[in-house]
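4 protein chains.
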Amino acid sequence: MSLDAFHYDRRVAFSDTDAMGVTHHANYLRYCEEARVAWMRARDLAETHWPHSDRVLALLHYQVWHMRPCTFDDLVRVYLQVRRDGLKIHFQYAIYKGEERICEAETLHVAVDTKLKPVRPLPQFLNVLEKEKWTETWLSNL
Amino acid sequence: MSLDAFHYDRRVAFSDTDAMGVTHHANYLRYCEEARVAWMRARDLAETHWPHSDRVLALLHYQVWHMRPCTFDDLVRVYLQVRRDGLKIHFQYAIYKGEERICEAETLHVAVDTKLKPVRPLPQFLNVLEKEKWTETWLSNL
Amino acid sequence: MSLDAFHYDRRVAFSDTDAMGVTHHANYLRYCEEARVAWMRARDLAETHWPHSDRVLALLHYQVWHMRPCTFDDLVRVYLQVRRDGLKIHFQYAIYKGEERICEAETLHVAVDTKLKPVRPLPQFLNVLEKEKWTETWLSNL
Amino acid sequence: MSLDAFHYDRRVAFSDTDAMGVTHHANYLRYCEEARVAWMRARDLAETHWPHSDRVLALLHYQVWHMRPCTFDDLVRVYLQVRRDGLKIHFQYAIYKGEERICEAETLHVAVDTKLKPVRPLPQFLNVLEKEKWTETWLSNL
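Protein chains in written order, with the working numbering: chain A, 1 to 142; chain B, 1 to 142; chain C, 1 to 142; chain D, 1 to 142.
Calculated directly from the structure, the hints in this document are not laboratory data.
Don't be surprised by glycine CBs; every beta carbon is placed ideally from N, CA and C.
One should not assume that every hint holds.
In silico DSSO-like pairs for lysine-lysine, Cα to Cα no more than 30 Å straight-line [to be verified]:
#, chain 1, residue 1, chain 2, residue 2
1, A, K117, C, K133
2, B, K117, A, K97
3, D, K97, C, K88
4, C, K133, A, K115
5, D, K115, B, K115
6, B, K117, B, K88
7, C, K117, D, K97
8, C, K88, B, K97
9, D, K97, A, K115
10, C, K97, B, K115
11, B, K117, D, K115
12, C, K115, D, K88
13, C, K97, D, K97
14, A, K97, B, K88
15, D, K115, A, K97
16, B, K97, A, K88
17, C, K115, A, K117
18, B, K115, D, K117
19, C, K117, A, K115
20, D, K88, C, K97
21, B, K115, A, K97
22, B, K117, D, K117
23, B, K133, B, K117
24, C, K97, D, K133
25, A, K115, B, K97
26, A, K117, B, K97
Computed Cβ-Cβ distance ranges for the label pairs, DEER-style [to be verified]:
#, chain 1, residue 1, chain 2, residue 2, range
27, A, N141, B, R11, 33 to 39 Å
28, A, L122, C, R120, 37 to 43 Å
29, D, K117, C, T114, 43 to 49 Å
The task is simple: from the sequences and hints, build the whole structure.
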């Protein structure tokens, strides 16, 4: 699969599976979080986030659609797109196992300081967001 | 707080917190799962679920709204309501810390066997669902 | 089973299981941590620990012996004993499923402040430790 | 740092941290498990493990020494050595953050089938083990 978007690859860990022999659903949120962090590093934004800065992206809302399972040792690829809407940051994720889209997700964030008070994202962060590509029809479940 | 609905109480564990000093978002899904299991036990349905039966409730979709944080040692109460729509089972959750609603969630399930093949819920399960109360306006974010 | 010691009961969550159908080993550390916290609450020590105080019990070393598995919905009971050795606090745990001892563990701690600097435990904490009973031969694997 | 041994690199995830701002101890067990899996893949042994085979390495005992903390976004390197003692497989781990050894661990395993019955490791696995290097004095805490 090769969607024209940032992506992050990871193996499913054994500890990520559950008694049904598949990845437990709560772990997909960790995969999405790891993909956001990898995207920030790829865009030179690590310095704008805790612990390098006093800011984090707090989560206001998320939703996840599970279409197919995956399991231990599977290589999953998380594609990600991001856009800004005022102070809110939207991320969308399409997770693939090989050629197959197995999961879709979206998360809604606001930047906060380490006291959890909402703050304006740093200019460096805003500059990057302006250059990101967003496709409204990316997620088939929305 | 006392909503007229099934509820499940639990303390936030230290391992549930993150570096912002609050409960990491992925753990709310575990709290909701624990509440579903507690509800099944309270309704005498434990026997209809793995490992006592070959059935589990697979998760198709969920969404979560975070309104306020909670942290280590907080006592949180998960209120839950459930209804059936054909083969789909809907759960909604309102999570409180003291008098304050801090989180809302909904999850959508289908019963599957241990090969993950969708199956009809057992009669015992369907009977219970018929007697559950559902309030359409329960979640303020929907 | 009824060992003459503090104990903490909890159900194994579905998310605690792995693809072998049993509780994944890393979760036993969470059960031990929850048992320590329950012990602190039972001894009126919650106020001596973060977030109510600026102190936590940092972990220096632990070991765990797995004798038998457990799985989803099992009720496990964590027995715990604790003693002080200078600035170090030793905990030992015997975990039961019904009448059967399935796991043994020990953890070694030192009190630290929120900057992770070792500190002397509060007098209230030391007073409690003096009254705790310790049986040298409690763990069969040591 | 460059110990002459197999190693596995990974970033500390945000979800791995706790309210003290450091990696929660239970996650080190996941890092060690990931390192074992990476070692198996590097030695062409993935096919000898579930889900590609009906075997897994069950955990009998482990111990972990924490010497220094690490936190979100840190790059940690897990060095690993392994040896066989009859049916038992010993792994040792030295975890580094930069030049500093922050954690040591050892885990003791036995091969089991998917019913958790102990089995003899596959010849392919035994052949690899014979060629692994083991340094008795590797861990400073033992």
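Against the structure, test the hints numbered earlier, and report the numbers of the ones violated in rising order.
-> 1, 4, 8, 12, 13, 24
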